[in-house]
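Listed below, chain by chain, are the residues.
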Amino acid sequence: MTDPQSPMIDLRAVSKWYGAFQVLTDCTTRVKKGEVVVVCGPSGSGKSTLIKTVNGLEPFQKGEIIVNGVSVGDAKTDLPKLRSHIGMVFQNFELFPHMSITDNLTIGQVKVLGRSKDEATQRGLKLLDRVGLIAQKDKYPGQLSGGQQQRVAIARALSMDPIAMLFDEPTSALDPEMINEVLDVMVDLAKEGMTMMVVTHEMGFARKVAHRVIFMDRGAIVEDCTKDEFFGTARSERAQQFLSKILHH
Amino acid sequence: MDWKVFLEMAPSGGMTYLGWLGSGVVWTLTVSSFAWIIASLVGGFVGVARTTPVPWLRAIGTVYVEIFRNVPLLVQMFLWYFVMPEVLPKALGDWLKQDLPNALTLPFAAQFSLWELTAAILCLGLYTASRVAEQVRSGIESLPRGQTNAGLAMGLTLPQVYRHVTLPMAFRIVIPPMTSEFLTIFKNSSTALTIGVLELTAQSRQISEYTFKTFEAFTAATLIYIVITLTVTFAMRALERRVAVPGFIAQAGGH
Ligand SMILES: Nc1ncnc2c1ncn2[C@@H]1O[C@H](COP(=O)(O)OP(=O)(O)O)[C@@H](O)[C@H]1O
Ligand SMILES: [Mg+2]
Chain A
0 MTDPQSPMID
10 LRAVSKWYGA
20 FQVLTDCTTR
30 VKKGEVVVVC
40 GPSGSGKSTL
50 IKTVNGLEPF
60 QKGEIIVNGV
70 SVGDAKTDLP
80 KLRSHIGMVF
90 QNFELFPHMS
100 ITDNLTIGQV
110 KVLGRSKDEA
120 TQRGLKLLDR
130 VGLIAQKDKY
140 PGQLSGGQQQ
150 RVAIARALSM
160 DPIAMLFDEP
170 TSALDPEMIN
180 EVLDVMVDLA
190 KEGMTMMVVT
200 HEMGFARKVA
210 HRVIFMDRGA
220 IVEDCTKDEF
230 FGTARSERAQ
240 QFLSKILHH
Chain B
0 MDWKVFLEMA
10 PSGGMTYLGW
20 LGSGVVWTLT
30 VSSFAWIIAS
40 LVGGFVGVAR
50 TTPVPWLRAI
60 GTVYVEIFRN
70 VPLLVQMFLW
80 YFVMPEVLPK
90 ALGDWLKQDL
100 PNALTLPFAA
110 QFSLWELTAA
120 ILCLGLYTAS
130 RVAEQVRSGI
140 ESLPRGQTNA
150 GLAMGLTLPQ
160 VYRHVTLPMA
170 FRIVIPPMTS
180 EFLTIFKNSS
190 TALTIGVLEL
200 TAQSRQISEY
210 TFKTFEAFTA
220 ATLIYIVITL
230 TVTFAMRALE
240 RRVAVPGFIA
250 QAGGH
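So the sequence lines, in the order shown, correspond to chains A and B.
If you number the first sequence the way numbering that gives the first Met the number 0 does, the last residue is 248 and the count never jumps.
If you number the second sequence the way numbering that gives the first Met the number 0 does, the last residue is 254 and the count never jumps.
Just so you know, not all the hints are guaranteed correct.
[Stated by the list, open to error] Label pairs and their computed distance ranges (CB to CB):
(1) A/Ser14 to B/Phe170: 32 to 42 Å
(2) A/Gln121 to B/Pro158: 37 to 47 Å
(3) B/Pro176 to A/Asp227: 54 to 64 Å
(4) B/Pro54 to A/Lys116: 30 to 40 Å
(5) B/Gln97 to A/Thr76: 32 to 42 Å
(6) A/Phe20 to B/Ala58: 20 to 30 Å
(7) A/Gln239 to B/Asn69: 51 to 61 Å
(8) A/Phe20 to B/Ala90: 51 to 61 Å
(9) A/Lys116 to B/Phe217: 55 to 65 Å
(10) A/Ile162 to B/Pro54: 27 to 37 Å
Hints in this document: simulated from the structure, not taken from any laboratory.
All of these numbers come straight from a predicted model, not from anything done at the bench.
Beta carbons are placed, not taken as given, at the ideal position from N, Cα and C, and that holds for glycine.
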């Protein structure tokens with residue numbers, strides 16, 4: 000269905016309104032296989048909304064989104080199936096509080112992918128080990144620190160063997176001392192060639208692994224350029240102001 | 000005070016006044032338990048319906064709650080018992096009033112028929128369902144919206160998200176308010192006496208009328224109500240502890 004050249008995620012002039020308020024205006028961008036794209040911009044500029052349109056969590060009214068050859072906006076598209084191979088990591092972790100860490104890691108594999116409980120547990124624990132939390136396997140989310148919960152959330156997304164990962168400000172709810180343990184996991188993922196779309200203000204992460212940086216303002220993509228271009232001579236004045244603001248914090 | 004009055008033979012039923020009291024307890028428990036089953040099933044569905052993204056389901060839920068919650072329980076009791084048989088097709092109405100009462104003779108010296116009992120249970124159950132529905136709805140709505148998104152994002156369908164994510168947490172959150180609804184149903188079951196169901200309150204009134212031992216009759220009833228409600232409270236607390244989520248502190252409000 001997809002030739003290797005076609006983008007993994009392809010947004011074509013996507014627009015979205017909440018009533019009369021336009022949240023997204025003609026957003027166009029592509030994410031190739033293995034590419035890491037960082038999305039930044041001021042609060043309320045539509046970053047979360049944009050990233051949620053990619054896996055159909057937010058409907059949109061105009062334009063087209065093609066993920067791995069499948070049209071997200073098409074009413075005939077099997078959204079649960081599409082979502083099952085796009086991992087998503089949220090600002091507030093969103094682990095399921097009433098399930099043990101192991102159950103959090105297996106529920107999707109068992110209920111969506113139809114894996115056996117044993118197979119799912121094996122795969123889940125391997126990923127838990129990878130994020131350095133195997134000792135916590137029988138605990139509950141409420142017993143873990145924020146940084147640990149977010150690492151479990153990443154392992155949970157990976158347990159579905161995703162072809163791409165979406166991150167929505169994965170470190171902005173964390174205490175500063177926990178940010179790096181999460182970023183380290185994400186850097187490793189990027190280095191292994193995972194296709195990633197990451198909403199974040201962690202410019203250190205962007206410098207280290209991003210291929211491209213997208214800058215959004217008031218629902219529109221105002222910058223979409225390579226990392227070097229972005230950090231070199233970010234073209235729009237808004238992007239420059241934004242950069243100087245967050246880099247001085 | 001003369002507590003020995005309960006050991007005297009009552010004028011009917013071939014039992015002592017204590018027997019009458021016992022019969023009242025049985026019917027209070029019967030009405031309350033069956034009404035609770037209806038209330039939790041119907042209330043659960045209506046409450047969930049009001050949280051779905053499906054417009055017609057939400058509408059049905061809203062209409063249900065507004066109707067049943069806003070008409071006084073006593074009025075609903077009369078509507079079920081006196082008015083419903085008249086507005087139903089004649090054959091069905093007649094069946095309710097004439098055949099259902101004779102379908103079987105109720106045990107425990109009941110001095111009323113299956114029709115009074117059915118009307119009381121339906122009325123109390125469907126009324127309480129509207130209150131349960133509101134508790135279920137606010138329980139679900141107090142959960143962070145991101146939980147649903149996280150479930151959907153991993154490929155679960157919306158019904159699967161309800162089944163595995165939303166409802167298990169909502170269930171835990173609604174146990175305390177459900178305890179109070181459960182207690183209310185016992186207290187409200189006394190309104191069934193207005194349509195002739197001789198439950199605990201009615202029996203104590205009857206005992207007091209026959210023996211003039213008003214203090215003893217109503218003290219006994221009060222003690223029994225207290226024992227029932229304490230039992231329920233302790234049982235629900237035990238359930239709450241059993242299903243408690245380690246490390247989870249319920250947030251007030253939600254996102
Ligand atoms: N459900 C909603 N209804 C109306 N407006 C919304 C809703 N969700 C988000 N918005 C608005 O859309 C804009 C973009 O929000 P969001 O995508 O969350 O921004 P960001 O993630 O960049 O901070 C904001 O102005 C926000 O207030
Ligand atoms: Mg956001």
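For this session: Go through the numbered hints given earlier and state which of them the structure violates, listing their numbers in rising order.
Result: 2 and 5
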